[in-house]
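Participant: Going down the list, the sequences are from chains A and B.
All the letters of the first sequence, read from the start, carry residue numbers 1 to 280 under our numbering.
All the letters of the second sequence, read from the start, carry residue numbers 281 to 535 under our numbering.
These are calculated hints, taken from the structure and not from any lab test.
Do not rely on the hints blindly, as some may be mistaken.
With a cut-off of at most 25 Å between alpha-carbon atoms, the simulated SDA-like pairs for lysine to any residue come out as follows [unchecked claim]:
(1) Lys285/B / Ala134/A
(2) Lys270/A / Lys92/A
(3) Lys92/A / Leu532/B
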Amino acid sequence: MIELQLDRVSRDFDLPGGGTYRVLEDISFDVETGAFVAIVGPSGCGKSTLLNVAAGLLSPTSGQVQSGGTPLAGLNRRATYLFQQDALLPWKSVRDNVALGLTLAGAPRAEAAARAAEWLGRVGLSPFAAHYPAQLSGGMRKRVAMAQHWIIDRSLMLMDEPFSALDVHTRQRMETELLALWEGADAAAATTPATAGERKTVLFVTHDLEEAIALADEVVVLSAGPASRIVARHRVTLDRPRDVMDLRTMPAFVDLYGAVWSVLRAEVRKSQQSPGGRHA
Amino acid sequence: MREAKEHSRRLVLFWQAVVGLLILGLWQGLVSLKLLDPFFVSRPNDIVRRIGTWMRAGTLWMHLSVTLEESVLGLVAGAALGIGFGFALARSPMLARVLDPYIRMLNAIPRVVLAPLFLLWFGLGIWSKVALAVTLVFFVMFFNTYQGVRDASQVLIDNVRMLGATERQLVRHVLVPSALTWIFSSLHTSLGFAVVGAVVGEYLGSTRGLGYVIQQAEGTFDTTGVFAGMTVLAVVVLMISAGVARLERWLLRWK
């Protein structure tokens, strides 16, 4: 089954001085249900724009997005979105932040609290339930954000460089935890029988190729902006479950890295020469 | 850490007391040495005695309660209107653009010139003073609420929308708390303005209230009465302000 389908999607932005700036050009690809797809590209190539279009926060200038087989109109209700920036509500406690999606959907207080507690346990933050986000470290806040999105149990998870602001070690830990959550999604989803046994589909944007290969089933490379296109798609056939820490020295990993990097490097070079390269 | 904080708080309190005593001592001393004429500047001990006289006679409480009532009504009504309009305009850019010149015009009017009009419209009682306080409080609250709502982070908004929030839930869980920071930082200013509105209103035409007391004292060149009235006002505003600060600390405890 196809979870997400982009069909000849282009997106323009209006320039302040008039005229338009084309960010995405003619992007078409499918994401199969349960797949982990990473999107890499030089900075300014419109990776975030692509996610915003998939989330329904932006509508494509032309082309169509299908989510779960139906054309997307408005917000994508099958998706959640882990943002690059901190998006926890600073005035709510960790527990209330995790429970937020359930509260918004009108779940009874007791049930929301119980499930939030369960999820806090899963991300190892039970002792911090009553803390406010400002009292946590960056890595802890990311874990809260993961729990906040995972708890509402949507089939598609959009992630926009979620770990890019973290230091290398915290980052590897978060990657490991993300994979554990995703691979163990069968067990996690057991509380909600409707989706039990189904792995979530993940669309993961990053500028870090190592991260992309370590996590994903498939790596999609975007060209330098403006008017980014898909320049390459690579299958990642490394075995699962994977150990993010050991993976990076394995020959299969190194080979794949070399192959994708040769494509990506050319785009990074271009982005550094073109004036659009600094465009976020 | 906490001990250091407590220590510095005490140090500040100590020096605040020193500054206050120094000013009062200088004032009292200069008058005693006949370098200042008590007819123009009165004397701290006379002022304290006068406040004591008012307290015993009970007139202080009567006037103070009238002024406070007007201030509180003005503050509540002004805040409600200001916050309401602030939200409405922040959520509707079209409305904001249409009303923008009118809001600027109204805000540019010196409130003192409105006082006689309000006396005419609402009479000599408390409502003309409440109206004056409202015109002052409204704009402070309005501008801060407007800014606070506009200032709400786009990522927070997108995030709760992705989590399934409706427009109403968005307002409740993101926009209101985000604006609260701004609203509270303006509450101290608004409080001062509410009292100013009430007192100026009383000063220009009334039969009760601290503004009336000060105006009567000025009419008879009774500088002690004027200073006593000002002192009472200052102390009361300081006390209410401390209460607001406590409330703010509790509401914004997540910071």
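Participant: Are the hints correct? Go through all of them and say.
Facilitator: Quick rundown of the hints versus the structure:
{"no.": "1", "hint": "Lys285/B / Ala134/A", "in the structure": "holds, 20 Å"}
{"no.": "2", "hint": "Lys270/A / Lys92/A", "in the structure": "violated, 44 Å"}
{"no.": "3", "hint": "Lys92/A / Leu532/B", "in the structure": "holds, 11 Å"}
In summary, the structure is inconsistent with hint 2 from the numbered list given earlier, while agreeing with all the others.
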